[in-house]
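Make the full structure from the sequences, and use the hints.
4 protein chains.
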Amino acid sequence: MAKAGAIRIGVLGASGYTGADLIRLAACHPEIEIGVLAASSHAGKPLAEVFPHLTFLDAPELVKAEDADWSSCDAVFSGLPHGTAQDLIAQLPKHLRIIDMSADFRLRDVETYRRWYGREHIAQDLLKQAVYGLSEHYVEQIADARLVACPGCYPTAVLMALLPLAKSKLIEVKDLIIDAKSGTTGAGRSLKQNLLFAEAGEGLSPYSFASHRHAPEMEQEIGLASGEEIVLNFTPYLIPMSRGELVTCYVRLKNGASAGDLRAVIEAAYREKPFVRLAAPGVLPATQMVRGSNYCLINVFEDRVPGRAIVIATIDNLVKGSAGQALQNFNLMFGLPETTGLQQLPLFP
Amino acid sequence: MAKAGAIRIGVLGASGYTGADLIRLAACHPEIEIGVLAASSHAGKPLAEVFPHLTFLDAPELVKAEDADWSSCDAVFSGLPHGTAQDLIAQLPKHLRIIDMSADFRLRDVETYRRWYGREHIAQDLLKQAVYGLSEHYVEQIADARLVACPGCYPTAVLMALLPLAKSKLIEVKDLIIDAKSGTTGAGRSLKQNLLFAEAGEGLSPYSFASHRHAPEMEQEIGLASGEEIVLNFTPYLIPMSRGELVTCYVRLKNGASAGDLRAVIEAAYREKPFVRLAAPGVLPATQMVRGSNYCLINVFEDRVPGRAIVIATIDNLVKGSAGQALQNFNLMFGLPETTGLQQLPLFP
Amino acid sequence: MAKAGAIRIGVLGASGYTGADLIRLAACHPEIEIGVLAASSHAGKPLAEVFPHLTFLDAPELVKAEDADWSSCDAVFSGLPHGTAQDLIAQLPKHLRIIDMSADFRLRDVETYRRWYGREHIAQDLLKQAVYGLSEHYVEQIADARLVACPGCYPTAVLMALLPLAKSKLIEVKDLIIDAKSGTTGAGRSLKQNLLFAEAGEGLSPYSFASHRHAPEMEQEIGLASGEEIVLNFTPYLIPMSRGELVTCYVRLKNGASAGDLRAVIEAAYREKPFVRLAAPGVLPATQMVRGSNYCLINVFEDRVPGRAIVIATIDNLVKGSAGQALQNFNLMFGLPETTGLQQLPLFP
Amino acid sequence: MAKAGAIRIGVLGASGYTGADLIRLAACHPEIEIGVLAASSHAGKPLAEVFPHLTFLDAPELVKAEDADWSSCDAVFSGLPHGTAQDLIAQLPKHLRIIDMSADFRLRDVETYRRWYGREHIAQDLLKQAVYGLSEHYVEQIADARLVACPGCYPTAVLMALLPLAKSKLIEVKDLIIDAKSGTTGAGRSLKQNLLFAEAGEGLSPYSFASHRHAPEMEQEIGLASGEEIVLNFTPYLIPMSRGELVTCYVRLKNGASAGDLRAVIEAAYREKPFVRLAAPGVLPATQMVRGSNYCLINVFEDRVPGRAIVIATIDNLVKGSAGQALQNFNLMFGLPETTGLQQLPLFP
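Those protein sequence lines, which keep their order, are chains X, V, Z and U.
Heads up: the first sequence is residues -15 to 333, going by our numbering.
Heads up: the second sequence is residues -15 to 333, going by our numbering.
Heads up: the third sequence is residues -15 to 333, going by our numbering.
Heads up: the fourth sequence is residues -15 to 333, going by our numbering.
Hints are computed from structural coordinates only; laboratory data are not their basis.
Please note that the accuracy of each hint is not assured.
The list makes no distinction among identical chains, and a pair is therefore deemed to hold if it is satisfied within one copy or across any two copies.
As a list, the in silico SDA-like pairs of lysine to any residue whose alpha-carbon atoms are at most 25 Å apart [as the list claims (entries may be wrong)]:
no.: 1; residue 1: Lys29; residue 2: Ala264
no.: 2; residue 1: Lys112; residue 2: Cys12
no.: 3; residue 1: Lys257; residue 2: Pro44
no.: 4; residue 1: Lys257; residue 2: Ser174
no.: 5; residue 1: Lys158; residue 2: Asn217
Computed from a prediction, not measured in an experiment: that's the story for all the values here.
Here it is, written out as structure tokens:
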């Protein structure tokens, strides 16, 4: 893995799906060398034992986070679950720049954090420094940040679609209905009955009704963009597929806007952005169009109900929704071209 | 197949999925004898060649519709596509009672039919006699009908959820958003690229945006129930599963109603109905809960957005959404207990 | 659930997949009344909480096995895992007839049991009385048995294909290669990483290589039928589907036999058997042809390698491979027609 | 797409799955510029209309093969079906080097071709020059070839496992049983009923029994390697997954060999080969371990039947089994490092 002049990274939570996808992408990134892989419950094992598809990578052995040698590392990616993430990140040496894929540093308000996550935030100083890592929308802040909090997978898709519109004042942000579908990796690698093949397969189910923790994150960002305090409808479903996320935002138009006006706003917002694209008129985004890639595809449609429009966005939840966006942020932080190591095309079929 | 005193049926369109599921259910119905199986493009073949899973059934050979001997039949089920259905049904002998699973006799207005189906209706007399076969809502009319037009799969689920509410005046019927997900059998057995396993699998895609032909059917029935002319949002998705349908209706409350009020209305509407059930508070309907069965499961949820509620319904699109409801209508038409031959429990996992 | 004159049953292990499928089938069996549902870790819950698809059934609440009132029951089905099964079955009142779906009473030799299951058998007296419940092959013994040990799912498919051939001396039983594919429910409802949708989906993997516990069971029965002591190759794979099992037996012919001779033997063996069928020449059995049903479909093919033939059998592992065969045995034990409550046709698509 | 000093390629059959995967990989290959995309039935369309996941690629428009401007191209990849491939390849300008992914130039014997493909070969001169493109085994010949015939997907996996063993004389090549499982893309993008999601999903089926056209290809190569004329058993199955192939070779040992001896032979054969790897002892290859990558993973196991062993190999049928191996051959032909553009790690989950 030793590359001359490379930036050396460590990964916390290397035994989870986001960790694995980060490793998969980082291993092919031309400027990265993987120095540390931490996964406490699997310390001492080769990576290939935990993720056999990474057999072909010459990777360091898994270690406990507390045993890691961070001295020669420049950056750390964390794929830990919330709670654990803040505990460990708070203890990392100061020279490290941190890209966190958990929920721990996304909510700017500690009270909101406590209400939705049911615990006190124990790293509030860090929280204040953290930058919300929605790459296309916070470029400069990310470039300068020590700690970047990558958005949740759903918020990434939803905010790519709605942030430009919220800023434009063309939609009623207090009446947003978001019907959101995700593959099962959105729930991580946890051993839950409803995630078994025999239960999640050949069927679909809503979950976390009116209580999904990604709601406050979207409300925070749409609130900031629009200048209004909002509550939104967010209704997620578990779909029998591994990867992929598609969100449908039912929006009420205001100020005389049409669906075409929304198209124009979104087109302008991402014209220079390599990973976010407005689809051609009438083309229906589908998760198959972005699987395995860092792309986000958006489109806008007229609604048959007058005064309404529909905005659809799709991403791969593990790439643009997590590990890919994390690497994109890393590129921004280290002054590399944004697309470095991220130009794989979607895998279809 | 000969059963003493049985009612003898024929099936038009025996080589499609709805035809096959009708045969599967009818074969175990204690009062039915299958007399004729018509499938013009496969005439002369044994049924097992077209549907190997029906190898175990001692069924009549497939014939052309025009060669069928209807004289000893009492009833005909049609699983033909729209257009073909009206052509063939118009020619059937008058002694036959007809349960049509196509779209040809669902829309009461010939102009609406022409606009959405792009052709003139050639059996307008029959259309006038036809009864809309939403079993739980038109019991008496179905019992007396010669021709029953079974609802589409989506309308079945949506109308089970919304008809009682539309009648109750507790929701704003002019602002309905319906996000609807279906397995691939909803599209029938047609050879289309997007229905290939390699394309429909591991991904999800919206389709027929703002143009799905089930929309006018729902608008007709909700319009009748509420006394208002409406246009609704209906957004369907293709989900990587074979069977199952789940519809989420985002409704605006009116007249001071709460989600609890909606629950009470739905509970009352189906208290005596064996196949439609309001789930316990908080239980999230999932397609796995009804797969392979004639049941419909409904629930109501508060929305985080004030003044709104969410109503979810799920069915198996080939059973309650097609062949099962057709048999239920047959039972009503022939004076049999509604549940005869339809009490199979869902197949899970 | 109360039916006049019904036979009253109890179910041990009602929270597992075989338990659930037994309940699904028993609920529609005209002579059965479900009296007791035991599932120790879920005692006190309604069945619908553990299996929401059984919401539509008016079932007794789950109880601990030791709290069950067996006095009014006539028979008990056990869907417990091995080990636990023998412990609990040994304590059941003597008036109960028992149909066990675990592995505990399948191996006639306690030493073989100890070697493969890594524990002493604690109910060796019961073991001596137990009858191997391969319905079509042990009709009389099953009818008279107090305790029937239903075969494993793989042995059911393999033995249906090979027992008649082993008896016929037309194949070399010491050179059997069995390549066997199963859906994920074959592994039960256990929370294992490799059974997660994200890991078992979109891929296939061999497992339990040369160590699967169904091997000694097949060796026992083929050994008995052929009079030879054998060791066989049994290579199972996990397939991304919920239900279904297909076994391919590569056999060396002997005594001048041809594939046609094997067909004749199998045809003769099952001519009078309602659930086992030899497919028409050239028809390739597929799991889709039996899904959800108690049928077993077999066919024989010539091999391109001279002196060899191929025998394929397919079943639904949860029905003919478990709960369905258990009910078939129950029918035999209680003098009912073998097919009672089991004539559902396969569910396809 | 213009890259300084790049090698310019064309693709025939750009609307099929192998064409698409070739484009996906070629687009990220640092030395390749895509000059021509031919797909006769879609000529005039943008690529993204035929493959929406390639929306993000700035690709040339699709043209008819006969309208393509080959003058500035250096190499052509063909993803056409057999028959069409030879017709079009025979007409290509002589300066082009050709990597064919069809079956047309794989069989060295025209008579065998005629027997298995049911037509005369019309480009027998080209056939004589063609090199069988099993990259790891014909390195020098491929480097010098004008026309490389890439192996079928199954032969790639089987021959990687068996060629070294056939040469070593440690296995009986006249008694090979190959049980082979593939995802549905192995059948291409053709519109067939058995490839529909509703039919191929939730089930598995054998196909092309004793008649699959990959059999003579394997027999040819194993025959050459062993110096014996052979007939083998090849039994393929359609598995409900899109990509991936796993072959299990049941082999009879000879000359006193053990499974360990086979391991040693395979280990030695691929020690220096970047894409083919012997797994650690006991590790079971699974298709998930190679999905989306050009890797081939092999392992050897003892059989419980004395004198036998089991060799398993897995590949992604569209990558190492088709487009990836084609690119690997291209690298060899143009003097580039073998791994150029092919080091993507498997996509899991």
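Structure-based check of all given hints:
1. Taking the shortest Cα distances, Lys29 and Ala264 sit within 25 Å of each other only across copies (14 Å), while inside one copy they are farther apart (48 Å).
2. In this homomeric assembly, Lys112 and Cys12 never come within 25 Å of each other (Cα to Cα): the closest approach is 33 Å inside a single copy and 40 Å across copies.
3. Taking the shortest alpha-carbon separations for Lys257 and Pro44, only the inter-copy value of 22 Å comes in at or below 25 Å, while the best intra-copy value is 34 Å.
4. When the C-alpha separation of Lys257 and Ser174 is checked against a cutoff of 25 Å, the pair qualifies neither within a copy, at 34 Å, nor between copies, at 36 Å.
5. Taking the shortest alpha-carbon separations for Lys158 and Asn217, both the intra-copy value of 10 Å and the inter-copy value of 19 Å come in at or below 25 Å.
Checked against the numbered hints given earlier, the structure breaks hints 2 and 4 and satisfies all the rest.
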